Amino acid sequence: MAERVPTGITELDNMLGGGFLPKRNILVTGGPGTGKTTFCMEFLYRGAEQFNEKGLFVSLEEKQDRLVDNLSQGLDWDLRKHIEGGAIVMVTVENFSWEHLADTLQAYITRHGVKRVVIDSLTLLKMNTKDPFEFRRNFIGLMGFLDNLDCTTIVTAESNFMTREKASYSLEEFIVDGVIVLYNLPIKNERRRALEILKMRGVKHSNSMFPFKITESGVVVYQEEII
Amino acid sequence: MMDVHCYQYLIGKDVGLEKLDGVPGLTKVDGAKVMQAQFGSVTVLVFETGEVRAFIRSSGIEKLKNALPAAGVKIMGLLQAIKAKGVEFDENAVLAAGKPMAFDYLAVKGVRPELEEVVNLDALRELVYAPYSIMPEFQLERNAVQGGENEGRKLAQGKQDKEELNSAIVKYLRDEKLGIGKVGSKADESGQSQYEIQVFTVHESAFAAGMPVVNKALCNFIRGVVRGAYVAFMELENIEVKESHCWGLGDTYCEFEMRVTPM
Ligand SMILES: Nc1ncnc2c1ncn2[C@@H]1O[C@H](COP(=O)(O)OP(=O)(O)O)[C@@H](O)[C@H]1O
Ligand SMILES: [Mg+2]
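First to last, the protein sequences are chains V and Y. Heads up, the working numbering is the position in the first sequence plus 302, with the first residue counted as 1. Heads up, the working numbering is the position in the second sequence plus 5, with the first residue counted as 1.
Next up, chain V with everything else stripped away, as it sits in the complex (with noise of 0.2 Å):
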């Protein structure tokens, strides 16, 4: 069996064989409230609390100290002890460009042994970047970059659709090698989480919708029962 690098999220790394193939390169994307920031972290402090890893969070949105405030409100994770440690390094790229991106990118993968990045979120930078051509050149470069270089990335994207029927599919997803939609569906008078793998390059996984629910102890994915 392949190497794998393990999410952490039991049930998901059954889902895909053990985890993701290592250097890949992943797309979490949903609607805002889905989950997308929780999931990314949570791959970084699992990395960092059961497998050893060091794990980068390159936040567009929030500043580092609300984004773990947030986060601390209903998780039971000790964030700060590995941010601190200097096991999870936290980066608010503000006044963006894509060469401070790439430059912060890469002194950490290649100087300082991160082997798990979060980029969150794209449609940051795509907000940024006034000219969708710029956009899309930088995207690919960024990708094929991480590609050559030791480290699993995840990167965020907000997308509007609330159901799969409506999903559009956009050039995120087809440079990519996987993608992960994250829901959050009004069913009855209710929403229900839910997860689907909707590609994963070199993976064999299932194609259904998985209900998950976000816990004390982060995010859990049932397996069996599929919406």
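These aren't lab readings, by the way, just hints derived from the structure by calculation. All values derive from a computational prediction rather than experimental measurement. Some hints here could point you the wrong way.
[Unchecked claim] Computed cross-link-like contacts, BS3-like style, restricted to lysine-lysine with a CA-CA straight-line distance of at most 27 Å: (1) Y:LYS90 / Y:LYS33; (2) Y:LYS221 / Y:LYS247; (3) Y:LYS88 / Y:LYS104; (4) V:LYS515 / V:LYS501; (5) Y:LYS38 / Y:LYS88; (6) V:LYS501 / V:LYS383; (7) Y:LYS159 / V:LYS417; (8) Y:LYS18 / Y:LYS88; (9) Y:LYS176 / Y:LYS79; (10) V:LYS365 / Y:LYS191; (11) Y:LYS159 / Y:LYS187; (12) V:LYS432 / Y:LYS187; (13) Y:LYS38 / Y:LYS187; (14) Y:LYS104 / Y:LYS33; (15) Y:LYS90 / Y:LYS38; (16) V:LYS428 / Y:LYS247; (17) Y:LYS221 / V:LYS432; (18) Y:LYS247 / V:LYS365; (19) Y:LYS221 / V:LYS428; (20) Y:LYS18 / Y:LYS90; (21) Y:LYS79 / Y:LYS221.
[Unchecked claim] Sample of chain V residues with no beta-carbon within 12 Å of chain Y, all distances over it, derived: (22) PRO308; (23) ASN354; (24) GLN366; (25) LYS383; (26) ASP433; (27) LEU473; (28) ARG493; (29) ILE499; (30) LYS501; (31) LYS506; (32) GLN525.
[Unchecked claim] To be clear about the criterion: a stretch of chain V counts as covered by chain Y if any three or more of its residues have a C-beta under 8 Å from a C-beta of chain Y, and this derived list gives those stretches: (33) 402-415; (34) 441-447.
The beta-carbon is built from N, C-alpha and C at its ideal position, and this holds for glycine as well.
Fit chain Y with the ligands to the known structure of chain V by using the hints.
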């Protein structure tokens, strides 16, 4: 590379640049024996040696085909204006003999009055720009930044203060014939940092002097040198170096701003 096409026209004799004052659209390039004109997507450089280079930006070969006749008209107009200033030549013949130049082979005469004698710019540019036709631009830029950072980090060794570090950067650029640097500083107006912004002005950049406007800063290596030096000196990674001015952006010098970004 970058969808820029270069055409070369040879007037065949020296044109005194001072004579060309007042040719419509033609402006003097500071500190260089060259004049520049911008007609939409066409950049024209007129060298003292009588060489005229037109850089035409276009996205794709179809657009280039459309752009060429218009560019030809502009260049013809410019040649006629030069002739009207008393430079004797046959503008029709010069225009007809114009030929495309490989963008990765740019002999740069006169744009580096101080440094050009001492470095083989042709070879350097060939090394830097020729791979653009076979390797992804993004990756090449990363390689250049990384190369620069490695050099910059060495410069930080044993430096006591910022002034000493800045002098080492300027000396390195000069010794390697990469450019003539000058350091200044300004307040960080974004108010996000307690540190001042360090400003490195570089004339005669080996990577950019005389290059056409490609809407892109070209001196990734120098940017890396400055970043690497400061990263190692301050022992911080949150150092942003931005090339705010460059020939590639339409300037006639290059400028780098170094700031410490908030974490
Ligand atoms: N322990 C928890 N229990 C229940 N809900 C939670 C818990 N932790 C976070 N949430 C909720 O899950 C949502 C996830 O937000 P977030 O990860 O920021 O989503 P996104 O990045 O997709 O916008 C938020 O609405 C948050 O209130
Ligand atoms: Mg989020």
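- Query: Of the hints given before, which are not true for this structure?
  - Reply: Going through the list in order, the structure violates hints 6, 9, 12, 24 and 26 and respects the others.
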